[in-house]
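Read top to bottom, the protein sequences are chains A and B.
So for the first sequence, UniProt numbering puts the first residue at 1; every next one is plus one.
So for the second sequence, UniProt numbering puts the first residue at 1; every next one is plus one.
Below 25 Å or equal to it, Euclidean Cα-Cα: the simulated DSS-like pairs (lysine-lysine) are:
no., chain 1, residue 1, chain 2, residue 2
1, A, K378, A, K75
2, B, K253, A, K74
3, B, K75, B, K378
4, B, K74, B, K378
5, B, K55, A, K280
6, B, K280, B, K253
7, B, K378, B, K2
8, A, K55, B, K280
9, A, K378, A, K74
10, A, K253, A, K280
11, A, K378, A, K2
12, A, K253, B, K74
These aren't lab readings, by the way, just hints derived from the structure by calculation.
Number of protein chains: 2
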Amino acid sequence: MKPALDGLLIVDLTRVLAGPFCTMLLADHGARVIKVEQPGTGDDARAYGPWFGTKSAYFSSLNRGKESIALDLKKAEDRAIFEQLLEQADVLTENFRPGTMERLGYGWETLHARYPRLIYGAASGFGHTGSSSQRRAYDMIVQGMGGIMSVTGEPGRTPVRVGVSIGDISAGLFLTCGLLMALFKRQQGGLGAKVDIAMFDCQLALMEYFIGRYFATGEVTGPVGSYRPAIAPPFGVYQAQDGGLIIAAGNDKLFALLCQAIDRPEMAEDPLFATGEARKDNEGLLAQRLNDALSAHSVRHWTEHLVAAGLPAGPINRVDQAVAHPQVAERNMLVDVDDPQVGHYRLVGSPIKISDAPDPRQRRAAPALDQDREAILKTLSSTSSEVRA
Amino acid sequence: MKPALDGLLIVDLTRVLAGPFCTMLLADHGARVIKVEQPGTGDDARAYGPWFGTKSAYFSSLNRGKESIALDLKKAEDRAIFEQLLEQADVLTENFRPGTMERLGYGWETLHARYPRLIYGAASGFGHTGSSSQRRAYDMIVQGMGGIMSVTGEPGRTPVRVGVSIGDISAGLFLTCGLLMALFKRQQGGLGAKVDIAMFDCQLALMEYFIGRYFATGEVTGPVGSYRPAIAPPFGVYQAQDGGLIIAAGNDKLFALLCQAIDRPEMAEDPLFATGEARKDNEGLLAQRLNDALSAHSVRHWTEHLVAAGLPAGPINRVDQAVAHPQVAERNMLVDVDDPQVGHYRLVGSPIKISDAPDPRQRRAAPALDQDREAILKTLSSTSSEVRA
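Whole structure, please, built from the sequences with the hints as guidance.
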């Protein structure tokens, strides 16, 4: 049973988050990822706390299963090694500021002329084209500019950032899709291609119905809190005894089921709440009545009870609660690492489950800087250089 | 110049968001996507307002470039057509509740036995395995359970939902990656495979450093607002004359540049702010001083001024402001649709830019229900059934 990307070789210049998230997905599914790092410091994320022993938890959770070689791309002997790697590689990835690769002598025109089958994937803030290409970006900048912050937060209050770096992560996901599309094209008889991903573009692509709504109506939405304005209530966060409980019962049938489950069957018949429109008109009163009933028990009680009744409901889990859910282990979404440097720890598994492909519980640790130099150089010096299909 | 996925045939049973987001990406890059819909109503999203004329803006923005045929998978004659489609298809996608395909007689075992090269992609709330498989999910439920809500919102206040349906969209993205990985494997000589994506799993995969941090320290983070707790300030939202301005100047060099740019060069030397540690210790005072200086001008003024100085800075754009940014048009991130049903409108383009592949400004509209029936039936009856490589 071989992994889906068995046989694929990625030479990976990416650092920190967007690029490493992409190449970790590729490594998780069997690609060989050779991380080419700056001698001395390596990937900036190696210095980000907190720590598994002496090793960055952040770096470890984005680079498992990769190999590392330290190369200074401004030195002739290291460039020669890098170029030998490119001879064999299927994909080269980087997330430098646009122009960096050109200054190193590895711009796309040059690469494509020398390695016509090589696929080149770049992730940057604003992309390799357009008047803002050189503008600096961080996750929060593109979250602000693309609109996702403007709809996130409490209604009537200042918008907030999405708590995770969705600007970087979504770029990493679109880059993964783009590289795999370019591989498909190459396998149909094409050459290598450049995949150019901009974090800012990706933010627009995530904006779902907000942009369609704006073009259809001219309407601009502010922070939406935890409610879905287009859906009839109850659909949002309600108050159980010990905290917020999410209930998504946006149609009459689910509402009736909910009223039964909380022992208020009469509410479903009440003209104040009998239709979606009525519930929308009396949203505040509805929430008050539901909160009254829900205050009798805990979030855990209600979750179990409502889910057993077939209702979409659930808690707002903290991280510790999220990873403790039985489904997480049952889906192999926590994997084990026995790190030769710092011992055992756990990481999040891959959410891509492919039949007839391994999904090992045990994963290789993120590499120490330059740890695979010898093995990699041996690969290169091997006379029978592998010819890829 | 052919699109990357030219020649690929997708038979698509997905509805609403997660699945259609995936198959739109595939269609945008040249796959032929045949949407198989319930006769009479079709995809539920066809009924979601607001409207481009008589057509759902939501549906239109997730189904452009696809074809539609209405088939009742409980009727023999329609099943025969569906099975002829599967004979030719590379990929079948669905986002029903687990078990639905089995009840229709199209579970994975059956499909794989009859169409060994067919790749089958399923997106569901909790996946096709595990004890919670049958549990109902909506975007907000998995946002709550996976932890992303717990870190989104204002510090000390109730967590909020990410404003867009990141639970669905991320599942659509991971499904796209999974299908393309399975295609790669098949092209290396393998058979079809099943790709099983759970929205809940995907939420954990987005949790970035929070889960690593928890395993490393036991520390659980609440809503983080618009700040990055691990990074030295100024890194967050500050107040210009007319609203919030994002500044990401997390190191000494950028901070000094910022002090110059706002004409407060002395702040960079002030022992209160001279190091990252000092700025962290005096975060409130720092914000006050910056806000004082920034209050002299508008967000637009400061954005232009700070970006020109090489600083990562930007506004919190509403949707109308986001789509008006020049880079959006320059990167072809707004495309035009001349819809034969309702006329012209604009949609968000694809953020995956691949060299030597078309990225047309003009896109085909989302289909009317069953509009391609005749053309699809003609394809099937064609005697020279295409043999795929």
